[in-house]
Structures are given as structure tokens and as C-alpha cells.
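Chemist: Sequence:
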Amino acid sequence: AIPDDLMESEFFGHVRGAFTGAVADALGLVRSAQGGTLFLDEVAELTPALQAKLLRVLQEKEIRPVGSAKTHSVDIRVIAATNRDLEAAIAQGDLRQDLFYRLNVVRITAPPLRERRGEVPALVACFIRQLNERFHRDVQGITPEALAALTAYDFPGNVRELENFLERAYALGARGEITLADLPALETGNRGASAAAAPDEPIPTLDDAERALIARALTRFRNNKDETARALGLTVRTLYRRLKRYGIT
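Residue numbering for the sequence shown follows our numbering, beginning at 25 and increasing consecutively.
To be clear, the hints were calculated from the coordinates, so they are not data collected in a lab.
Cβ coordinates follow ideal geometry from the N, Cα and C atoms, glycine included.
Heads up, some of the hints might be wrong.
Stated by the list, open to error - Per label pair, the in silico range of CB-to-CB distance: (1) R261 / N188: 24 to 34 Å; (2) Q83 / S56: 42 to 52 Å; (3) P145 / T71: 36 to 46 Å; (4) S56 / F159: 23 to 33 Å; (5) R101 / D122: 10 to 20 Å; (6) Q58 / G200: 27 to 37 Å.
Stated by the list, open to error - Straight-line C-alpha distance at most 16 Å; calculated EDC-like pairs for lysine to aspartate or glutamate: (7) K268 / D232; (8) K77 / E34; (9) K77 / D122; (10) K85 / D99; (11) K94 / E84; (12) K77 / E32; (13) K77 / D29; (14) K268 / E234; (15) K94 / D122; (16) K268 / D231.
Kindly generate the complete structure, drawing on both the sequences and the hints.
Modeler: Next up, the structure:
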């Protein structure tokens, strides 16, 4: 976990010398959003101390950077998002009730992705553009079969899960077009979704899943260890340890 003082600095800024490594003044997220909008994702995950300081900023409309005795006026709009039931988070003590009421002026409930299946093709196209830039690839799109499978999937993890599916396809070396073969996690997810109908079906262990993923990547990259490690986000040394552990030659 990130210490509270570093999180406070990230949000509210600091002055030079406020702590070890503070070699220059920093505005912080709140002052950087002056006159504009600050987006807080997963607001219920903020620490209690940070929630209290954020509430004070919203009430008093001023901020004091870490290590400074001077306050600064701020004029910002805050948009907060979460995938949690905020009333339940309050009951569990994870979210301050007064902060909730301060933020809960206009409330918009976004329907889950499974209720917006028509948006999946546009989201896939958007993520492919982003991933092409990130991975320096030129993937042209996705096959109709793969897109149909993605559109039919329920996505309990919503848009983030869709993005993770596509990112995994890139990590496994997808080129040209993304196919169903590039989306093994989709097949696993569909099996998980139907687990209630087949309670006796054995569940693979994490080791089994990792072994299968490494074997698949080795096949994709024709046993090239450097490319395999890069695609899986591992160092070559770590990959060799995994190969030895799983008896993969």
C-alpha cells in the first residue's frame, strides 16, 4: 500500500523539502485541476485519512500542500466513480457518509456492459488502436467469430475485463487480426460462467493455468525464450525458472 503521506502529496501537492526526495514544489492533482474537473476513480478505496482531507477541500475550497503553512484557493468540479454499492461501503466503514453526501449531487448509474452489447464493437476498435500504439503493432482488427464471442460474453468485470482480454491477446503475440485462438481467457470465462451447470467439472489450478499459458506462448514464438518472456511480461531469468518448475522443455 502507498503511505498516506505520499498519497496526500499526490493529491494536494508539496513544497520542496517537505520529505525525503521532495526536490521541487509539486502542484498535486487538485491544484492541477484548477478551474476544471478532477476525476476520482474508485473513491471508496481512498484511505480514511485521505477521505477526511478531501472532504475538507470540498467544503472549504482551499488546499494546503504537504510541508507548507500557506493555503491556496481552489475551484474545481469533482466527478467520482466506483463499481461498489456506496451505501454498503458506508455501512462497512469504507466510505465517510459526509463525503458521500458532498459528492452525491448528481448521480448517474452506468448499466453493465452485458446490457450494452451493441457498444462492444466500438470499444474493441478503440482498445485495438490504443494497444497498437502501446505494443508497437499493426493489428488490423478482429475476426467476426472473435467479435461475436466477445459480444455474447457477459463480462462480469465490465469494460476493464474486455480491455484485459484484448491486452492478453497482444501479450500472446496477436498480429494481423485477433482471432478466437488469441482469446483463451474468453473460453475460460465462459466455462466459469457455466460452472453452476457443471459443478463436478474439475477447476484448473493457477499452476495449471500458468503452465498452459507459457506453453501456448512458447508455441506462438517458436520456442524463442526472449520473445516469450517479453510477451508474458517476465524477465528471461524468471521464465527459465517457470520452465524448470513446470518441467517444460
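Chemist: The structure should be examined with respect to each hint, and the outcome stated for every one.
Modeler: Results of checking the hints against the structure:
The hinted window of 24 to 34 Å between R261 and N188 holds, with their beta carbons roughly 26 Å apart. A beta carbon spacing of about 20 Å between Q83 and S56 contradicts the range 42 to 52 Å that was offered as a hint. Taking the beta carbon of each, P145 and T71 are about 39 Å apart, inside 36 to 46 Å as hinted. The beta-carbon spacing between S56 and F159, approximately 29 Å, falls within the hinted interval of 23 to 33 Å.
At roughly 19 Å, the beta carbons of R101 and D122 sit within the given window of 10 to 20 Å. Distance hint check: the CB atoms of Q58 and G200 are about 46 Å apart, inconsistent with the given range 27 to 37 Å. For the given pair, K268 sits about 14 Å from D232 by alpha-carbon distance, which is consistent with the 16 Å threshold. A C-alpha spacing of about 13 Å is found between K77 and E34, which places the hinted pair at or below 16 Å, so the restraint holds.
For a cut-off of 16 Å, the pair hint linking K77 to D122 stands: about 12 Å separates their Cα positions. Of the pairs offered as hints, the one joining K85 and D99 holds, with about 7 Å between alpha carbons and a cut-off of 16 Å not exceeded. At most 16 Å may separate the alpha-carbon atoms for a hinted pair to count; K94 and E84 meet this at roughly 14 Å. For a cut-off of 16 Å, the pair hint linking K77 to E32 stands: about 8 Å separates their Cα positions.
Of the pairs offered as hints, the one joining K77 and D29 holds, with about 12 Å between alpha carbons and a cut-off of 16 Å not exceeded. Restraint check for K268 and E234: the C-alpha separation of about 13 Å stays at or below 16 Å, so the hint holds. For the hint linking K94 to D122, the alpha-carbon distance of about 26 Å lies beyond 16 Å, and the restraint is violated. The hinted pair formed by K268 and D231 meets the criterion: a straight-line CA distance of about 13 Å does not exceed 16 Å.
Violated hints, in rising order: 2, 6 and 15; the structure is consistent with all others.
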